[in-house]
Structure formats: structure tokens, C-alpha cells
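Undergrad: Letter by letter, the sequence shown follows residues 14 to 987 in the numbering used here.
Worth flagging that the hints you see were computed from the coordinates, not collected in a lab.
Note that the structure is predicted; figures quoted are calculated from it, not measured.
It is possible that some hints are incorrect.
What the hints assert, rightly or not - Dumping the calculated DSSO-like pairs for lysine-lysine here, alpha-carbon to alpha-carbon at most 30 Å:
| id | residue 1 | residue 2 |
| --- | --- | --- |
| 1 | Lys-81 | Lys-273 |
| 2 | Lys-312 | Lys-450 |
| 3 | Lys-153 | Lys-220 |
| 4 | Lys-693 | Lys-572 |
| 5 | Lys-68 | Lys-312 |
| 6 | Lys-643 | Lys-683 |
| 7 | Lys-542 | Lys-370 |
| 8 | Lys-526 | Lys-358 |
| 9 | Lys-239 | Lys-220 |
| 10 | Lys-693 | Lys-981 |
| 11 | Lys-621 | Lys-153 |
| 12 | Lys-584 | Lys-239 |
| 13 | Lys-890 | Lys-79 |
| 14 | Lys-815 | Lys-683 |
| 15 | Lys-79 | Lys-92 |
| 16 | Lys-216 | Lys-153 |
| 17 | Lys-258 | Lys-137 |
| 18 | Lys-79 | Lys-167 |
| 19 | Lys-540 | Lys-359 |
| 20 | Lys-756 | Lys-832 |
| 21 | Lys-138 | Lys-97 |
Stated by the list, open to error - Simulated restraints, written as ranges between beta carbons of each label pair:
| id | residue 1 | residue 2 | range |
| --- | --- | --- | --- |
| 22 | Asn-740 | Asn-638 | 53 to 59 Å |
| 23 | Asp-440 | Thr-927 | 32 to 38 Å |
| 24 | Arg-142 | Gly-528 | 54 to 60 Å |
| 25 | Pro-107 | Ser-397 | 50 to 56 Å |
| 26 | Gly-664 | Gly-634 | 18 to 24 Å |
| 27 | Ser-857 | Asn-965 | 43 to 49 Å |
| 28 | Leu-622 | Ser-857 | 48 to 54 Å |
| 29 | Ala-191 | Gln-211 | 37 to 43 Å |
| 30 | Gly-835 | Asn-740 | 16 to 22 Å |
| 31 | Asn-638 | Ala-609 | 42 to 48 Å |
| 32 | Asp-741 | Asn-638 | 40 to 46 Å |
No residue lacks a Cβ here, since even glycine has one placed at the ideal position from N, Cα and C.
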Amino acid sequence: MTFDNNTVYVLDSYGLIFRCYFAFINRPLTNPKGENISALFGFFRNFHYILEHYKPGHIIAAMDSKTKTFRHDFYPEYKATRNKTPEDLHAQIPWICEILTALGIPILQCDGYEADDVIATVAKKCAERGQTCRILSGDKDLMQLVNDSTQILKPENGGGWKVTGEEGVLAEWGVKPAQLLDLLSLYGDTADNIPGVQGVGVKTAGKLLNDYLNLDGIYAHIDEIKGAMQKKLIDGKENAYFSQKLVRLCDTVPCEEIDKAISAPLSLDFAAAAKLLTQYGALQPARQYAELAVNAGQKVEVGESLPLASANADASSSATPSPRGAQSLPPKTPAFQAEEIIPIKKNDTSNYKAITKLSDLEDYITNFISSGSNRIAYDCETTSLDTLTTTLVGFSLCYQPGLAVYVPIQLASDDLFNQTDYIELKDALNQLLRIFKNPDITVIMHNAKFDLKVLFSSINKAFSQSELSAILNKEKALGLECQLFDTMITAWLENPDRMGKNAYGLEYLCETKLGLAGIEYDDIVEKGKTFADLPLETAYPYAAEDADFTFQLADLLTKEYLVPGGDTAKKLFDLEHALLPVLAQMEITGIHLDSAFLNSYNEELTQKLSQVQAQIHQTVGHEFNIASPKQLQTVLFDELGLPRGKKTATGYSTDTSVLEELAQVNPVPKMILEYRELAKLQSTYVETLPKLTDSAGRIHTSFIQTGTATGRLSCRDPNLQNIPVRNDAGRRIRQAFTAPKGKVLISADYAQIELVVLAHLSGDPNMCKAFIDGTDVHRATASMIFGVSPDAVTPEMRRTAKTINFGVIYGMSAFSLAKDLGISRTQAQNFIDMYFRTYSGVSSFMTQVISDAEATGCVSTMFGRHRPIMNINSRNKLEKSGAERIAKNTPIQGTAADIVKHAMLSISQALNNTNSPARLLLQVHDELIFECPDDKNTVDQTIALIREKMENAVKLAVPLRVSIEYGKNWGEFH
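Sequences are here, hints too, so could you generate the full structure?
TA: Right, here's the structure in full:
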């Protein structure tokens with residue numbers, strides 16, 4: 014590695030620590046002890062980035078004084094307005110210093126001086142020695158130091174760091190770096206309690222400095238400045254020069270260690286850092302520093318790995334969450350074992366090969382079948398990710414680690430390969446079907462649903478209808494008979510709380526579990542090209558590697574999850590994998606959309622939006638851009654004088670929660686909420702859905718099994734679960750989902766399934782009795798908590814009871830209940846207390862859930878699905894209360910989701926076994942949508958079958974009940 018020995022890198026340590034801490038403030042990272050490690054995690058992840066990208070030969074960490082500074086001597090109020098440093102942030106600073114010291118990074122700190130002063134002194138000494146100084150900070154105060162020898166490295170929002178020189182400062186602030194001191198002196202800084210000149214903002218200060226060069230120049234020409242600004246400057250002169258004294262950085266800090274730090278060669282102990290990072294639970298940085306240690310020839314001794322509870326999209330891809338539980342884990346079932354730190358190495362592709370002859374493919378599959386192995390990995394390569402229109406380019410197979418093959422397929426519209434460089438589609442599929450139609454073989458895939466849909470589409474293209482009837486088993490979804498093993502789904506079952514877009518991606522899982530880095534798709538396929546454009550010598554190592562990685566990952570997941578998880582893990586594995594072809598078939602089938610209806614509704618919505626907009630403008634008294642947060646802030650808070658709420662980086666918030674509060678005192682926020690909802694529905698659904706239909710007018714959503722930690726299915730492209738249920742606009746959009754001619758839609762919806770599950774899990778006699786008797790559970794609840802007979806329950810009483818019933822499932826607090834019902838917090842707490850006295854079994858169950866979660870670190874559904882609970886043992890009350898809400902809800906919501914999945918499987922199998930013409934189309938929360946021929950006998954038989962399978966999907970202590978309707982469109986139901 015070549016180091017940059019002529020540049021000294023200086024860390025504004027506290028700046029980076031605070032930035033990293035607050036980057037995760039909404040979903041902090043904690044270790045199993047409940048300790049927040051967000052700052053530590055982010056600090057060393059950023060530090061690793063600097064080491065990798067800039068390879069510094071000298072690096073220094075500057076820290077603030079532990080005592081008050083010289084600025085406090087003449088201005089005791091300096092920084093007095095700052096909030097107290099959070100305790101869980103303050104606790105991480107010694108850890109960070111410990112790791113920096115172990116690494117070998119000099120920490121510079123001088124009593125009476127701020128880190129900025131230390132940095133200024135380092136920059137000055139670097140200039141004197143002819144060295145470049147790069148300051149790692151986003152602090153504006155440090156930009157006054159920028160010159161020919163000093164640059165700023167600023168953290169970017171999207172990740173990484175950007176070099177800022179003199180031109181960058183000028184572009185950002187409108188003044189040169191040397192003028193920034195006076196600009197800050199003029200407009201002040203409320204964060205540091207620096208007064209500045211009242212009424213002078215950044216733009217005005219910049220204009221004044223561009224006209225008069227500096228603060229002295231401004232006051233030397235004060236007579237040239239006219240009007241109110243002249244008065245502001247005269248009145249604020251003393252404050253301006255006083256602020257200048259505060260803002261000016263001291264570059265003569267008496268710190269003897271600076272010269273040594275600048276000149277001493279850097280010698281970093283990556284292994285020591287990896288060990289400490291592991292000790293504190295930051296596994297991704299630990300893994301990164303362990304890799305650096307291995308590359309540097311250092312021995313890595315990290316000791317016992319600790320799990321990291323993660324909740325941030327970027328951060329979570331680094332760590333295994335700590336165990337979280339509400340019920341005791343099944344015997345011999347390990348709760349989320351910590352990931353080992355595995356240095357990542359480049360994969361060896363030398364043993365991969367391409368099969369371009371049919372006879373060789375036939376021999377390969379014959380050898381596999383006779384090998385005694387019953388598991389083989391399969392991966393396909395296509396021209397796009399749209400399974401409805403894509404073309405199969407080739408596929409890869411692997412049944413021995415490190416040995417994989419790629420089979421290129423003839424493309425009808427392209428003679429990309431030579432005559433001997435491909436196998437015809439039908440011939441290749443006939444060989445593949447020897448695997449996929451064999452019930453004794455397990456086919457391993459990563460994101461199997463995609464591969465299955467592509468395979469199904471390719472089979473339908475290659476074979477005639479008569480051939481298909483002989484090939485596909487009508488009693489199986491998709492007609493295939495092999496066993497399935499999806500490494501993506503299994504990794505999710507092992508740890509359902511990994512966060513981030515690619516948390517279950519093959520690349521990430523192989524790096525973190527196998528320690529293997531593969532070929533990047535973007536490195537071999539140019540932008541605008543597809544896999545079909547690659548020459549065979551480039552294509553086959555990439556494709557074969559995917560099958561090899563998938564095979565190796567399946568072996569590891571079997572050892573780490575399925576074997577120790579025993580029967581419980583196996584049952585969940587079987588449930589999710591049996592569901593795979595069912596979901597694939599639902600996606601392939603799709604649902605019919607009446608685009609003409611939506612186009613008509615779009616015109617109506619456009620007119621309605623214009624009316625609401627005009628009403629808003631008329632009420633306010635002038636036109637403005639409702640979609641502009643800045644203009645909305647001005648209207649609401651300056652013109653209408655409404656109370657300001659939470660502040661954001663761009664001003665005061667105008668989000669939904671703020672507008673809902675303001676709507677209680679002024680009509681404009683309510684109208685804005687209506688406008689926003691209509692506009693969102695128009696853009697998200699009404700205008701978009703018709704563009705997503707195929708040639709038959711059907712729309713094909715994608716169901717995501719790994720999208721939630723509770724086990725509930727989610728969907729996208731489009732997301733049908735977010736269509737509003739309780740308003741007219743949502744109903745109108747649902748009306749567009751129709752049955753084609755000669756068909757009807759059937760809706761089957763579980764009645765209050767989560768409350769049914771709560772009754773079963775808690776065993777509360779009063780709640781169980783209500784469901785067993787078939788009474789209105791909300792009326793029964795109201796009767797008991799208000800102490801009146803069921804006949805005397807008013808609609809308002811029932812509404813309160815219903816809110817509490819469902820609120821309990823989500824751990825609703827008295828504050829939230831008070832807000833929902835429009836009552837005082839005291840009244841709300843009284844209602845909750847009465848509720849738990851009425852349903853004491855529910856109270857005991859919730860208490861036990863929390864107790865078990867604290868002890869084991871995870872919660873479980875009735876079927877043994879585990880979910881880690883971050884922060885369940887946190888000392889931070891806000892974090893802990895949030896963790897408790899998740900702990901209470903997950904067993905209920907997760908069990909309900911498992912019941913729906915069992916019902917889907919049971920119905921699908923029954924429809925296939927009876928050769929029914931009815932088809933399952935959608936699953937939206939607790940509702941299943943079917944399409945069925947429009948004749949009474951078929952409809953009645955189908956409804957009877959659905960009801961029987963849904964109400965008997967599982968056996969509970971209370972009955973499962975289903976509401977079933979049928980009609981011509983989805984909007985008719987409920």
C-alpha cells in the first residue's frame with residue numbers, strides 16, 4: 014500500500030462522533046447489554062473509509078478540552094444554549110478514544126482550548142513544514158482555515174467524503190475562506206450563543222463582505238450603507254467585533270505533541286482495533302479492521318464475537334442483532350448467534366466451466382443424480398428483471414463447492430454465440446426438468462421466486478399446450494415437483510431483522526457468512542447493456558459463481574439454522590418454501606384492472622384537487638405552492654400565526670402529525686391534509702396503475718416474503734396494501750380491480766384475527782368467551798370497562814373500546830390513546846387501567862412477554878418464528894418503551910401472519926387437487942382475493958372450500974371466523 018506521507022489528516026473527532034450518533038437517532042444501534050454504539054459504529058466505519066480511500070501517512074484525532082476554554086474566561090455564556098450531551102453518547106467517547114489509542118492514532122487535546130484551535134495549530138505548522146493539511150469535518154468554523162495548504166474533507170449525505178478547497182468555500186458561502194471569520198461574526202451562531210449583528214443574515218453578510226472586503230472595511234465605509242441596515246450595523250458594532258473574537262481560531266495552542274504527531278510515521282495496529290470493536294459489539298467495522306490486519310500480516314485475535322442489535326439500513330448490514338424474545342426458545346434452538354469476523358477474500362473461479370453441448374449437459378445432470386447428492390444449486394441469467402417479458406440467457410448449476418457450470422441458451426433474436434456456444438432452449442429445459450420434476454431432489458436458489466417465474470415462463474414459451482399438460486403436475490403450484498431451498502428466505506428466517514436494501518442479497522450474505530467476494534455485475538455489464546451482450550468467456554465465471562455461492566450458503570445455513578433449530582425451524586422452513594410457488598403463481602396470474610374507470614376517476618380527482626387548492630388559496634388570501642414546504646411554513650407560521658412544532662433542517666415541520674395538530678385550531682391545515690392525500694392517491698395509484706398492466710389488462714404485483722420482521726407479507730410494484738381502506742378515495746381505487754367478463758371476485762377476510770390470536774395466546778377468559786359466543790368483542794369490551802349492559806353501550810363507548818382493543822396489540826400508550834380519542838391523558842390512562850382489570854389475562858401475558866424478552870432478547874410467534882428486539886434492555890426510557898411495543902406486538906401480528914400463510918397453502922392445495930377453475934390472486938393483510946367463474950354452483954363450492962380451509966387453518970382455543978363476499982370489483986366488499 015502506498016501512503017500519502019506529505020499530507021496530515023486531522024479528525025474533528027467530536028464533530029464526527031456527534032454526526033454519527035444523530036445519524037442513527039431514530040433507530041439507534043445497541044449491543045446486547047442495551048448500550049448505544051451508534052457513534053462508535055459510525056466513527057470507525059468512516060475512519061475505515063478514510064484509510065481505504067486516502068491512505069494517510071499521518072493522521073491525528075483532535076479532541077475538545079475537558080475543562081472550560083479561554084473563550085469562557087471573557088464570555089461565560091459561550092455555548093450556554095447547547096443541549097446537554099446525551100448520556101449514551103457521552104459513554105461512547107472513552108471507548109472511541111481507547112480504540113484510537115490501540116490503533117496507534119495520536120489524540121491531541123489541550124486544556125483551555127477547543128479541538129478547532131488544536132486543528133488550526135496543526136494546519137499552521139503543516140504550512141510551515143511544507144505539508145498539506147486535510148481537516149475531516151463538516152464544521153463551518155473550520156472553513157476559515159482553508160488556503161493553499163489546507164483543505165476540508167466534508168462528509169457527504171450519500172456516504173463518502175468530499176474535498177473542499179477555496180473554490181468550494183466560495184461556492185457554498187459566497188465569500189472567500191479568509192472572509193468567513195467576519196461573515197460568521199456578522200450573522201452569529203445561535204448554537205454557540207454567538208450574538209452577531211441582529212437582523213444580518215448570511216446573504217446580507219456575504220454581500221457586505223464582497224463590497225467592503227472585511228469587518229473593518231464595512232465600518233470604515235458605514236456612511237455608504239443606507240437605511241435600516243446602517244442602523245443595524247451601528248447598533249451591533251460591539252457585538253460584531255466581540256463575535257469575531259469568539260469565532261477566530263487560535264493557531265498557537267501550546268501542545269508539545271503536535272510536532273511529533275505531524276512528523277512521526279504512522280504505524281497502525283488493526284488487530285487491536287478489531288478486538289476492541291468486537292468487544293463493544295460493532296461487528297462490521299471489526300470485520301473491516303480484521304481484514305486490514307490480515308492484509309498487513311497482523312495476527313487477528315478478536316475473542317468472542319458479540320451480537321449487535323441493528324436497526325439502520327446502512328448499519329444493520331454489518332451486524333447480527335442480539336437475541337430478543339417473548340417466549341422461551343425451543344430446546345437446542347440458538348437465538349441469533351453472533352457472526353464471526355471473517356476477512357473477505359476474492360473468490361477463485363478457476364474451476365468453473367461452460368457447457369455448450371447438449372450431451373455434456375445431459376452427462377452433468379446424470380452424474381449429479383448418480384452421485385448420491387440430492388441437492389443442487391440453480392441460478393438463471395436473463396435480459397431483464399421483469400419476469401413477464403424477460404428472456405432466459407442461460408443458467409448455472411452446482412452440486413459440489415467450488416465446482417459449477419454455466420449453460421448458455423440460444424437466443425432466437427440474436428446470434429450472439431457461435432453455433433457451438435449455446436444449447437437450444439427446449440433441449441436445455443428438458444434436461445432441467447429431470448431435476449425440477451424429481452420430488453427426491455432439492456433445488457437451491459437465491460430469490461427462488463424470480464428463478465421459478467423465469468423457468469415457468471420459459472417452459473410455456475418452449476412447449477406446446479399438449480406437451481405442457483404432460484410435463485406439469487396440475488396438483489402442484491407451477492406444476493413442479495422438486496423440493497425447494499431458498500437461501501434468501503432461510504437467511505431471513507435465521508435473522509428476520511436485518512435491515513437495508515441488500516441485507517438478504519447474495520453478495521452481502523456471502524461476504525459476511527462465507528468471507529467470499531464475487532464478481533460485480535456492474536463490473537462486467539456496461540450501462541445500457543444486458544447479460545446477453547456478454548461474451549461467453551466473461552459470462553460463465555460470473556454466472557457459475559452465483560450457483561456456487563448459493564450452494565455453499567445453503568450448506569452453512571443448514572448448519573447454523575436448520576440443524577440447531579430442530580423441528581420448529583424445519584416447520585417454518587417448510588411453510589415459507591411451500592408458499593414460494595403459490596406466490597409465484599399469484600404474481601404470474603395477476604388481477605384485472607379497469608383502466609378506463611381509473612382514467613375517468615383521474616379527471617374527477619384533478620377537478621377535486623383544483624377545488625381544494627382554490628379553497629385553500631381563498632382562505633389564506635393569496636396563491637402559493639401547496640407542495641412547497643418552505644412556502645407552507647411561511648403561510649402557516651408567519652401569516653396565519655399558528656404554533657410552531659418540531660424543527661427540521663429546513664425550518665419548522667409541516668408533516669402530517671404537525672398538520673393534524675394544527676387542524677384542531679384552524680381549517681387550512683385540514684384542507685392541506687386533504688389535498689396531500691388526494692394528490693398522493695392520484696400520483697401513486699390513479700395515474701400509475703394503468704401503466705403497469707399487461708396486454709390482457711392485468712396487473713402483476715410482487716409479494717415480498719422477507720419484507721417484514723414479523724412474517725407478514727408485503728408487496729410492491731404496486732403496493733396494494735397502502736390503498737386507504739376507510740375513505741371514499743380508497744374505495745374508488747379498489748373499484749378499478751375487477752373480474753373479467755364471465756368471472757367474479759371473491760373476498761375472504763379473517764374477522765379480527767389479531768384479537769383472536771391475543772385471546773388464544775393470553776388465555777384471558779373474558780376475551781375468549783366473547784369470541785366463543787360470537788358476540789361483538791368491542792361491544793363486550795365496552796360493556797365491561799364502562800360497567801353497563803351490552804344493550805346500553807353507546808356508539809362512543811364502542812369506539813373507545815375498539816380503539817383500546819387494537820391499541821393494546823400495538824402497545825398503545827395513554828398519550829397515544831388520548832390523542833386518538835381526543836380526551837385527557839388521565840382519562841386515557843384510566844381507560845387502559847380498566848381494560849387490563851377487565852382482561853387481566855391479557856395484562857399478565859403482556860408482562861410475561863416483556864419479562865421473557867428481557868431475559869432472552871427475542872420474541873416468538875405461536876409457530877416459533879423468532880424476532881430479535883433491539884433496546885429491550887436499554888437504559889434509555891424512550892428506546893426501551895419502543896422495544897416493549899415491538900415485543901408485545903410481534904407474537905400477535907406474527908402469529909396472525911403465519912395463520913394466513915397456512916390458509917393460503919391449504920386453499921391453494923385444495924384448489925389444485927380438485928382441479929378448480931378458481932384462482933388465488935391477492936393477499937392484502939388478512940384478506941385473500943380470488944377469481945372464479947360466474948356461475949352459482951362454482952361460486953358456492955369455492956366459497957365453501959375457502960371458508961372451511963381458512964377457519965380450520967390452525968386449531969386455536971377460540972374460533973377463527975371469516976367474512977366472505979363476492980362481486981364484480983374489489984371496491985364492493987366490506
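Undergrad: It remains to establish, for every hint, whether it holds in the given structure.
TA: The hints, checked one at a time:
1. Lys-81 x Lys-273: It holds: about 26 Å lies between the C-alpha atoms, which stays within 30 Å.
2. Lys-312 x Lys-450: violated, 50 Å
3. Lys-153 x Lys-220: holds, 18 Å
4. Lys-693 x Lys-572: Status violated; Cα separation ~47 Å.
5. Lys-68 x Lys-312: holds, 21 Å
6. Lys-643 x Lys-683: The given pair, whose Cα atoms are some 18 Å apart, holds under the 30 Å limit.
7. Lys-542 x Lys-370: Given that 30 Å is the threshold and the Cα spacing comes to 26 Å, the pair holds.
8. Lys-526 x Lys-358: holds, 12 Å
9. Lys-239 x Lys-220: holds, 14 Å
10. Lys-693 x Lys-981: Distance ~26 Å between Lys-693 and Lys-981 Cα, so the pair holds.
11. Lys-621 x Lys-153: Distance ~47 Å between Lys-621 and Lys-153 Cα, so the pair is violated.
12. Lys-584 x Lys-239: violated, 81 Å
13. Lys-890 x Lys-79: With a Cα-Cα distance of about 28 Å, the restraint between Lys-890 and Lys-79 holds, given a limit of 30 Å.
14. Lys-815 x Lys-683: holds, 25 Å
15. Lys-79 x Lys-92: With a Cα-Cα distance of about 15 Å, the restraint between Lys-79 and Lys-92 holds, given a limit of 30 Å.
16. Lys-216 x Lys-153: Judged against 30 Å, a Cα distance of about 15 Å means the pair holds.
17. Lys-258 x Lys-137: Within the cut-off at roughly 19 Å; holds.
18. Lys-79 x Lys-167: Holds: Lys-79 and Lys-167 sit about 25 Å apart, inside 30 Å.
19. Lys-540 x Lys-359: The given pair, whose Cα atoms are some 24 Å apart, holds under the 30 Å limit.
20. Lys-756 x Lys-832: violated, 45 Å
21. Lys-138 x Lys-97: violated, 34 Å
22. Asn-740 x Asn-638: 53 to 59 Å: violated, 25 Å
23. Asp-440 x Thr-927: 32 to 38 Å: holds, 35 Å
24. Arg-142 x Gly-528: 54 to 60 Å: For Arg-142 and Gly-528 the Cβ distance comes to about 42 Å; the hint is violated.
25. Pro-107 x Ser-397: 50 to 56 Å: Given range 50 to 56 Å: holds, Cβ gap about 52 Å.
26. Gly-664 x Gly-634: 18 to 24 Å: holds, 21 Å
27. Ser-857 x Asn-965: 43 to 49 Å: Once the Cβ atoms are compared, 29 Å apart, the range 43 to 49 Å for Asn-965 and Ser-857 is violated.
28. Leu-622 x Ser-857: 48 to 54 Å: holds, 51 Å
29. Ala-191 x Gln-211: 37 to 43 Å: violated, 25 Å
30. Gly-835 x Asn-740: 16 to 22 Å: Cβ of Gly-835 to Cβ of Asn-740: about 19 Å, so the range 16 to 22 Å holds.
31. Asn-638 x Ala-609: 42 to 48 Å: Once the Cβ atoms are compared, 32 Å apart, the range 42 to 48 Å for Ala-609 and Asn-638 is violated.
32. Asp-741 x Asn-638: 40 to 46 Å: violated, 27 Å
The structure is inconsistent with the numbered hints 2, 4, 11, 12, 20, 21, 22, 24, 27, 29, 31 and 32, although it conforms to all the rest.
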